[in-house]
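**Student:** Line by line, the protein sequences give chains Z and V.
The working numbering numbers the first residue of the first sequence as 208 and each following residue consecutively.
The working numbering numbers the first residue of the second sequence as 6 and each following residue consecutively.
Be a bit skeptical, because a hint or two may be false.
As the list claims (entries may be wrong) - Okay, the calculated beta carbon distance ranges per label pair:
no. : chain 1 : residue 1 : chain 2 : residue 2 : range
1   : V       : 200       : Z       : 215       : 49 to 59 Å
2   : V       : 454       : Z       : 509       : 47 to 57 Å
3   : Z       : 310       : V       : 350       : 37 to 47 Å
4   : V       : 569       : Z       : 559       : 38 to 48 Å
5   : V       : 25        : Z       : 469       : 51 to 61 Å
As the list claims (entries may be wrong) - Calculated from the model, a selection of chain V residues having no Cβ within reach of chain Z, i.e. all distances over 12 Å:
no. : residue
6   : 63
7   : 131
8   : 420
9   : 472
10  : 541
As the list claims (entries may be wrong) - Example chain V residues on the side facing chain Z (calculated, C-beta under 8 Å, incomplete):
no. : residue
11  : 53
12  : 134
13  : 437
For the record, the hints were derived by calculation from the structure and aren't laboratory data.
Glycine included, each C-beta is placed from N, C-alpha and C at the ideal position.
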Amino acid sequence: MSDSVDLGMPGLAGVPGTDVKQTAKDFKTDQEVRWCPGCGDYAVLAAVQGFMPELGVRRENIVMISGIGCSSRFPYYMNTYGMHSIHGRAPAIATGLAATRPDLSVWVVTGDGDALSIGGNHLIHTLRRNVNLKILLFNNRIYGLTKGQYSPTSEVGKVTKSTPLGSLDGPFNPVSLALGAEATFVARAIDSDRKQLTSVLRAAAEHRGTALVEIYQNCNIFNDDAFELLKNPETRDDWTIRLEHGEPLRFGQDKSKAVVRDRATGSLRVIEGASDDADVVVHDAHVQDPTYAFALSRLSGSDLRYAPIGVFRSVERPTYDDELRAQLATARSKAEPDLTGLLHGSDTWTVG
Amino acid sequence: MPKQVEQRDRVVIRFAGDSGDGMQLTGDRFTQESAAFGNDLSTFPNFPAEIRAPAGTLPGVSSFQLHFADHDIMTAGDAPDVLVAMNPAALKANAGDLPRGATIIVDNHDFTKRALTKVGYADSPLEDGSLADYNLHSVDLTGLTTTALESFGLGRKESARAKNMFALGLLSWMYNRPVEGTIRFLQTKFASKPEIAGANVAAFRAGWNYGETTEAFAVSYEVKPAPLPAGTYRNISGNMALSLGLIAAAQQAKLPLFLGAYPITPASDILHELAKHKRFGVTTFQAEDEIAGAGAALGASFGGALGVTTTAGPGVALKSETVSLAATLELPLVLIDVQRAGPSTGMPTKPEQADLLLAMGGRHGESPVPVIAPCSPADCFDIALEAVRIATTYRTPVYVLSDGYLANGSEPWLLPAVDELPDLQVEFTTEPNHADENGTPEFWPYLRDPETLARPWAVPGTPGLEHRIGGIEKADGSGDISYDADNHDFMVRTRQAKIDGITVPALTVDDPSGKAEVLVLGWGSTYGPIGAAARRVRRKGMAVAQAHLRHLNPLPANTGEVLRSYQRVVVPEMNLGQLAGMLRGKYLVDVIGYNRVRGLPFRAEELEGVLEHVIRGEVPANV
Numbered sequence: 208m209s210d211s212v213d214l215g216m217p218g219l220a221g222v223p224g225t226d227v228k229q230t231a232k233d234f235k236t237d238q239e240v241r242w243c244p245g246c247g248d249y250a251v252l253a254a255v256q257g258f259m260p261e262l263g264v265r266r267e268n269i270v271m272i273s274g275i276g277c278s279s280r281f282p283y284y285m286n287t288y289g290m291h292s293i294h295g296r297a298p299a300i301a302t303g304l305a306a307t308r309p310d311l312s313v314w315v316v317t318g319d320g321d322a323l324s325i326g327g328n329h330l331i332h333t334l335r336r337n338v339n340l341k342i343l344l345f346n347n348r349i350y351g352l353t354k355g356q357y358s359p360t361s362e363v364g365k366v367t368k369s370t371p372l373g374s375l376d377g378p379f380n381p382v383s384l385a386l387g388a389e390a391t392f393v394a395r396a397i398d399s400d401r402k403q404l405t406s407v408l409r410a411a412a413e414h415r416g417t418a419l420v421e422i423y424q425n426c427n428i429f430n431d432d433a434f435e436l437l438k439n440p441e442t443r444d445d446w447t448i449r450l451e452h453g454e455p456l457r458f459g460q461d462k463s464k465a466v467v468r469d470r471a472t473g474s475l476r477v478i479e480g481a482s483d484d485a486d487v488v489v490h491d492a493h494v495q496d497p498t499y500a501f502a503l504s505r506l507s508g509s510d511l512r513y514a515p516i517g518v519f520r521s522v523e524r525p526t527y528d529d530e531l532r533a534q535l536a537t538a539r540s541k542a543e544p545d546l547t548g549l550l551h552g553s554d555t556w557t558v559g
Numbered sequence: 006m007p008k009q010v011e012q013r014d015r016v017v018i019r020f021a022g023d024s025g026d027g028m029q030l031t032g033d034r035f036t037q038e039s040a041a042f043g044n045d046l047s048t049f050p051n052f053p054a055e056i057r058a059p060a061g062t063l064p065g066v067s068s069f070q071l072h073f074a075d076h077d078i079m080t081a082g083d084a085p086d087v088l089v090a091m092n093p094a095a096l097k098a099n100a101g102d103l104p105r106g107a108t109i110i111v112d113n114h115d116f117t118k119r120a121l122t123k124v125g126y127a128d129s130p131l132e133d134g135s136l137a138d139y140n141l142h143s144v145d146l147t148g149l150t151t152t153a154l155e156s157f158g159l160g161r162k163e164s165a166r167a168k169n170m171f172a173l174g175l176l177s178w179m180y181n182r183p184v185e186g187t188i189r190f191l192q193t194k195f196a197s198k199p200e201i202a203g204a205n206v207a208a209f210r211a212g213w214n215y216g217e218t219t220e221a222f223a224v225s226y227e228v229k230p231a232p233l234p235a236g237t238y239r240n241i242s243g244n245m246a247l248s249l250g251l252i253a254a255a256q257q258a259k260l261p262l263f264l265g266a267y268p269i270t271p272a273s274d275i276l277h278e279l280a281k282h283k284r285f286g287v288t289t290f291q292a293e294d295e296i297a298g299a300g301a302a303l304g305a306s307f308g309g310a311l312g313v314t315t316t317a318g319p320g321v322a323l324k325s326e327t328v329s330l331a332a333t334l335e336l337p338l339v340l341i342d343v344q345r346a347g348p349s350t351g352m353p354t355k356p357e358q359a360d361l362l363l364a365m366g367g368r369h370g371e372s373p374v375p376v377i378a379p380c381s382p383a384d385c386f387d388i389a390l391e392a393v394r395i396a397t398t399y400r401t402p403v404y405v406l407s408d409g410y411l412a413n414g415s416e417p418w419l420l421p422a423v424d425e426l427p428d429l430q431v432e433f434t435t436e437p438n439h440a441d442e443n444g445t446p447e448f449w450p451y452l453r454d455p456e457t458l459a460r461p462w463a464v465p466g467t468p469g470l471e472h473r474i475g476g477i478e479k480a481d482g483s484g485d486i487s488y489d490a491d492n493h494d495f496m497v498r499t500r501q502a503k504i505d506g507i508t509v510p511a512l513t514v515d516d517p518s519g520k521a522e523v524l525v526l527g528w529g530s531t532y533g534p535i536g537a538a539a540r541r542v543r544r545k546g547m548a549v550a551q552a553h554l555r556h557l558n559p560l561p562a563n564t565g566e567v568l569r570s571y572q573r574v575v576v577p578e579m580n581l582g583q584l585a586g587m588l589r590g591k592y593l594v595d596v597i598g599y600n601r602v603r604g605l606p607f608r609a610e611e612l613e614g615v616l617e618h619v620i621r622g623e624v625p626a627n628v
């Protein structure tokens, strides 16, 4: 093993790197992968295993922590440290780990039920604290492991075993939710678009603070083709908006659509046909005010048209774990710990 | 002419007033004075859950009871010899606890028609003769305080606020307490507000001088120092002792301490205390909920820290799923339950022992977890070290069952020498511990130590030992996911065997006569009242043996033998018989339960009666 290498990424400051060349194979385990054939999780696993070597982090300094659900089996297939924990609780467990171990790159793998239903509270508080965690939220808009009930991201009217007459409750938009919870980094990717997924993973890893990556992931058993129109070459360009920092938000076949600001409401909307370049919004992921990123997230209807894909927001804010450690360091710099003095306190007396 | 001084061997004083009257502070200061003087002592703060219940009402009464003596004592006392009541509500709420002849010092300032009606007095008890059997001192404490503070230029309301210090001064005179500590304390506490500091010190001195000069108080009392073992002491509450014990344990283990907690009465003071000691490498995380507090602590343990979570009953219920995960991950985790009266919110500031079965079995699946309980406020320090020893040696979650009585009550603590604290140092695994079929070294996370059955603790960042653990059943040794029937049966039994095999000191029995036929067995905070009751019974010439369990899971190996050595065993508990049921189930011994769930500690006199009944072979009338 070579000496530790500085990786030069804020998100990995303090995490030892290696200059020994790694390959995707180094990140595979000997465990048989047990997702259903055709599941989108395979593509995400391959993308993550393919991407990890380019980070250059020592394998032993990477930890994958998951909750419960199909996606949460992920750590078993990554040859790093890992914990498959409790439904919804992975962000809390990861927070304790990240707070005490600045030398680790900690990743949370979760799903729409795990993160947004049973674990909603931990997710929002982790985002608000801005703990240095990378959260991969596999959104398949269905409950897979429990065999097909609707999820908090399912569209209204979803007919499932638990909702034979159609689901009644409106879904979360995970990106909107994360932005409302003060997230400093929010991005979206699609399982089948490896190149785009990898670029988002890289941006998330580089970010210092909580990075939430929503990954549209196909469950071919219980909710097949949920993202078909975002993937199909016939429709995808008209349905998705590629977010590139500094680029105007023009999209669609022949770039015939554009995102413009609605002068009446201040919100964003999509227009068809020609428009003045001056009116077209230029994507800025680094704007501090979350209003813009939120407006972007609201462009999607319940059928997911139009779905912005890429990094919505990436801003700097001190992380909870860094600040915690700074408080410890400051306390220690003022005086050395003195256990005898601590036990004695200020009011003692002596007998005999 | 100097006033008469009478000797007393012990005194119980209760300070009572509105929640906003500063009774806890007053009691605390009197305690410190008594400690500095060298008495043995024991305290019992009793306060409402509401922060400021409506002023002058019975639910708003807060009290602090202190027992101090010239000999070694075990409880905060059954009944006060002296009641200090700052208003009609405080008098009404506490008068019933006083034996005839007790002294009542009452602030008559607020005995207005309206205030009396509010608490249900038709006429003033100070004037209607209803307190004729008591030694009543009706004094305008508030008026005397405001008069004494006239020169300070404070508002009336502000000066009246110092009446608790006037009362403290008066009692300090009455019992010849040293005053320097309190004066120093007030000057430090109000250092940024010198006029408030001055006013409080002046009120305190005025109270002392009032006692010395007024004819109403003819006698003062002396309670000589107690012959305690030699050494340096401090007064300590259970929550403080637990906090210091956790820090000491982490230092002895050379591990960073991580506390994940959500505020809950009566456990929050542990969070507050630990938050002050960052220089000891203590991280405190106020989580979004109880579940996250436990989860974050477990995450920290996975990374090689000492993960601790603190709570009370309702929080234990929420953390239960995490404890089960910790039990199967086989990682250290210390869970401190400062028990309070339940179920549900119950009576949050009142003690109870009704979480024993929750700790023993309140988890899904076969999920054995060690359970230990401190027996006194100072013992909370030692129990914290013991919890950490068990958690790290056996890689297991551990429950510590304290309660509201231990948490807030206090007693003198003989300070341990730091270099005599147990060595708790932990070795992380850094090398492969197995070879695959080709002879290549690999790491098996569930390959156990044959002696302790503990699995290796290999923390992230250790090269070559990358592994995954999780809630799914693991194959013995390799730790790979396994749904194999025989493996599961084996793993369930092995996890149980590991907990059953924890080394625990033998149960010791105190029977000075050696002739006792009755054993009284307790656990947790009942140690003091049971011990005091046993002494009373023995003073009457009867024999009784006393034993107290600090380890409830596993129980000491000789427990069954001890139980069978006596004709009758009585088990007093502040629950409906949880330990009694465990003992009956495990040892088939027909123990006699004595159970009260009144949100109050047992009284020594009450247990004395119970023991006498059992010694005489009668079933106690009040079982």
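**Student:** Can the hint on residue 53 of chain V be confirmed by a CB-to-CB distance to chain Z that is less than 8 Å?
**Tutor:** violated, 27 Å
**Student:** Taking the minimum C-beta separation from residue 472 of chain V to chain Z, is that value above 12 Å?
**Tutor:** violated, 7 Å
**Student:** Using the Cβ atoms, figure out if residue 310 of chain Z sits within 37 to 47 Å of residue 350 of chain V.
**Tutor:** Check passed, 42 Å falls within 37 to 47 Å.
**Student:** Would the least Cβ to Cβ distance between residue 420 of chain V and chain Z come out above 12 Å?
**Tutor:** Nearest chain Z Cβ is 6 Å from residue 420 of chain V, so the label is violated.
**Student:** For residue 569 of chain V and residue 559 of chain Z, compare the CB-CB distance with the range 38 to 48 Å and indicate the outcome.
**Tutor:** The hint (38 to 48 Å, Cβ to Cβ) holds, given that residue 569 of chain V and residue 559 of chain Z are roughly 41 Å apart.
**Student:** Given the hint of 47 to 57 Å, is the C-beta distance from residue 454 of chain V to residue 509 of chain Z inside that range or not?
**Tutor:** Distance hint for residue 454 of chain V, residue 509 of chain Z holds at roughly 56 Å.
**Student:** With 8 Å as the cut and Cβ atoms as the points, is residue 134 of chain V at the interface with chain Z?
**Tutor:** For residue 134 of chain V, the interface hint is violated, since the closest Cβ of chain Z sits about 43 Å away, which is over 8 Å.
**Student:** A cut-off of 12 Å on Cβ-Cβ distance, and residue 131 of chain V was said to be off the interface with chain Z. Does that hold?
**Tutor:** holds, 36 Å
**Student:** Using the C-beta atoms of residue 200 of chain V and residue 215 of chain Z, is the stated range 49 to 59 Å upheld?
**Tutor:** holds, 58 Å
**Student:** Over 12 Å to the closest beta carbon of chain Z is the bar; see if residue 541 of chain V clears it.
**Tutor:** holds, 26 Å
**Student:** May I ask you to check that residue 63 of chain V keeps its beta-carbon over 12 Å from the closest beta-carbon of chain Z?
**Tutor:** Holds, since 34 Å exceeds 12 Å.
**Student:** Should the interface hint for residue 437 of chain V be scored as holding, given a Cβ-Cβ cut-off of 8 Å against chain Z?
**Tutor:** Nearest chain Z Cβ about 13 Å off; hint violated.
Figure legend: structure checked against the earlier numbered hints; hints not met, in rising order: 8, 9, 11, 12 and 13.
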